[in-house]
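K.L.:
Here are the chains, one letter per residue:
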Amino acid sequence: MAMEDSLSLKLAALADPTRRAIVARLARGEASVSELQRPFGISQPAISKHLKVLERAGLIEQGRIGQSRPRRLRVDALRATGAWFDQVADLWRDSFDRLDTLLMETENDDVESR
Amino acid sequence: MSNPDEFVMSRLFKAPRDRVWAAWTRPEQLARWFGPRGVTTTVVAADIRPGGFFHCRMDMADGGGTLWARLVYREIAAPERIVWEHSFADRDGNIVGSPFSEHWPKRLLTTVLFEEAGADTRVRLSWVPIDASAEELREYRDAIPSFDDGWAGSYEALDRLLAQD
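Protein sequence lines correspond, in order, to chains W and Y. Quick note on this note's numbering: the first sequence kicks off at 1 and runs consecutively. Quick note on this note's numbering: the second sequence kicks off at 115 and runs consecutively.
Among the hints, erroneous ones may be present.
Stated by the list, open to error - What follows is a list of derived Cβ distance ranges for each label pair: (1) Thr101(W) / Arg205(Y): 39 to 49 Å; (2) Arg72(W) / Arg188(Y): 40 to 50 Å; (3) Arg28(W) / Arg140(Y): 40 to 50 Å; (4) Thr18(W) / Leu126(Y): 26 to 36 Å.
In short, the hints are calculated from the structure, not lab data. Backbone N, C-alpha and C define an ideal beta-carbon position, used for all residues, glycine too.
Let the hints inform the model, and build the full structure from the sequences given.
P.N.:
Shown next as structure tokens:
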């Protein structure tokens, strides 16, 4: 139950393109709120709202360096979400991509052996 | 056709139906495409007929571990339809839970339809949980909307992101 809720929270958090962009930015290293605000060109309240959603989903956390509170990615949490995606949807999409390749190859084999 | 627990994926393949059928029913061909990206699939058992048992191991790249899958076929109706029960497995072929998620259905009924579309073949795959608990069903049902193509770009980006660290 708790696990499903946390997965739903993560997926909902990642469903928003701005929040995915924030996650992508934090993947390169931790950043303060104002550093995050800059590339997105949005207001401080708006970015704080996004950060809160990501935080509640367990995807990011606050560090503490002196007075500043840089945000950083919780890579494990993100990886768990990624693994889940791999499991369900990628299984078939990737398989079908590989099947495409195989079918193209066998077609060529047949043409050559004729 | 509005089973809320059904996941459907359709794809057109640029090959005649008999060739697509062979790719799904010949073990040596299945081994070459079956499984998530980056895995090497080894077929251990492949009794591809109704009631037959299929067992394969999937080795993830770079020592990322090994997954096992097992299929039990219900119908093999060449060249139109294959139905099987799909599960994660251990090395002995016993059903196990998902390695990624605590509440994932143990068995998924997989139905694959092969339709001719001119010179090409349309493959329609569907997944429906079998005998799932309420929790498993909930997790599965929650997952279905995210299977949409709209998500594809997102998880590709997520994949790239995860590959960075």
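K.L.:
Each of the hints needs a verdict: does it hold here or not?
P.N.:
Status of the hints after comparison with the structure:
no. : hint                              : result
1   : Thr101(W) / Arg205(Y): 39 to 49 Å : violated, 28 Å
2   : Arg72(W) / Arg188(Y): 40 to 50 Å  : holds, 49 Å
3   : Arg28(W) / Arg140(Y): 40 to 50 Å  : holds, 45 Å
4   : Thr18(W) / Leu126(Y): 26 to 36 Å  : holds, 34 Å
The structure does not agree with numbered hint 1 stated previously, though it agrees with all others.
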